[in-house]
Amino acid sequence: MASGINPLDTLAIQNTLSRYCEALDTKLFPLLSKVFVPEIVADYPFNSDLRGLDAISNAIQNRLGPIRTHHSLTTQIISFHSANPKAASVVTHFIGAHLGQGPHAGKVLTAYGRYMDELVCLEPEGGDYEGVSGASGVWRIRKRTVVFTGRVGDEKIMSEF
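Read left to right, the sequence shown gives residues 349 to 509 (the working numbering).
Read the hints as simulated data drawn from the structure, not as lab findings. Worth double-checking, as some hints may not be accurate.
Here are the in silico distance ranges between beta carbons for each label pair [as the list claims (entries may be wrong)]: (1) Q424 with E478: 11 to 21 Å; (2) L356 with E466: 12 to 22 Å; (3) V495 with S366: 14 to 24 Å; (4) T374 with R499: 18 to 28 Å; (5) D373 with G454: 12 to 22 Å; (6) T374 with G352: 28 to 38 Å; (7) S427 with F509: 12 to 22 Å; (8) E473 with Q449: 31 to 41 Å; (9) L379 with T497: 19 to 29 Å; (10) E478 with A445: 22 to 32 Å; (11) P472 with G450: 37 to 47 Å; (12) D397 with A435: 15 to 25 Å.
On a predicted model such as this, the values are computed, not experimentally measured, just so you know. No residue lacks a Cβ here, since even glycine has one placed at the ideal position from N, Cα and C.
The whole structure should be built from the sequences, with the hints applied where relevant.
Below is the structure:
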């Protein structure tokens with residue numbers, strides 16, 4: 349283990365990334381403020397130039413708000429920056445199931461891909477370490493790139509409900 353890296357930060361990072369899936373799947377979009385820094389820069393396949401928490405939250409809500417979803421995180425690599433242990437690069441593979449509604453009830457569009465994230469560790473507000481007592485702080489995504497590696501199903505369920 350590299351000097352200065354707190355092993356509990358791995359769990360804190362995993363919790364942050366899991367919270368993203370929770371926000372999308374429960375439609376509790378205000379949770380995104382516990383995933384991203386306010387000045388987040390993101391590149392999604394459906395919008396390649398998102399800047400700021402409000403922009404990313406609105407884009408995700410407009411795209412997924414009317415659709416039931418189930419996101420799963422799979423293979424993950426977390427690399428702490430040697431020069432700054434309060435920064436990390438993370439690649440997380442995901443599967444996102446989008447469940448058809450209305451005329452598409454019973455259909456599923458499944459997206460496979462990778463979240464490529466740059467995270468920073470921040471001081472917790474009021475001592476709230478978000479369930480990981482002993483971590484260096486709270487982790488937030490400052491930059492995200494999403495790449496689809498495959499999509500299987502009927503794309504129409506994303507626009508016809």
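Hint-by-hint comparison with the structure:
About 18 Å separates the C-beta atoms of Q424 and E478, a value consistent with the hinted range of 11 to 21 Å. Roughly 20 Å separates the CB atoms of L356 and E466, a value that falls within the hinted 12 to 22 Å. Against the hinted window of 14 to 24 Å, the Cβ-Cβ separation of V495 and S366 comes to about 20 Å, which satisfies the hint. A beta carbon spacing of about 23 Å between T374 and R499 agrees with the range 18 to 28 Å that was offered as a hint.
In this structure the hint that D373 and G454 lie 12 to 22 Å apart at CB holds, the actual value being about 19 Å. The hinted range of 28 to 38 Å is satisfied by T374 and G352, whose Cβ atoms lie roughly 36 Å apart. The supplied range of 12 to 22 Å is broken by S427 and F509, whose beta-carbon atoms lie about 39 Å from each other. Range check, E473 to Q449: Cβ separation about 37 Å, and the 31 to 41 Å hint holds.
The hinted window of 19 to 29 Å between L379 and T497 holds, with their beta carbons roughly 26 Å apart. For E478 paired with A445, a C-beta distance near 26 Å keeps the hint of 22 to 32 Å intact. A C-beta distance of roughly 43 Å is found between P472 and G450, which places it inside the suggested range of 37 to 47 Å. Taking the beta carbon of each, D397 and A435 are about 23 Å apart, inside 15 to 25 Å as hinted.
Hint 7 alone, counting from the list given before, is not met by this structure.
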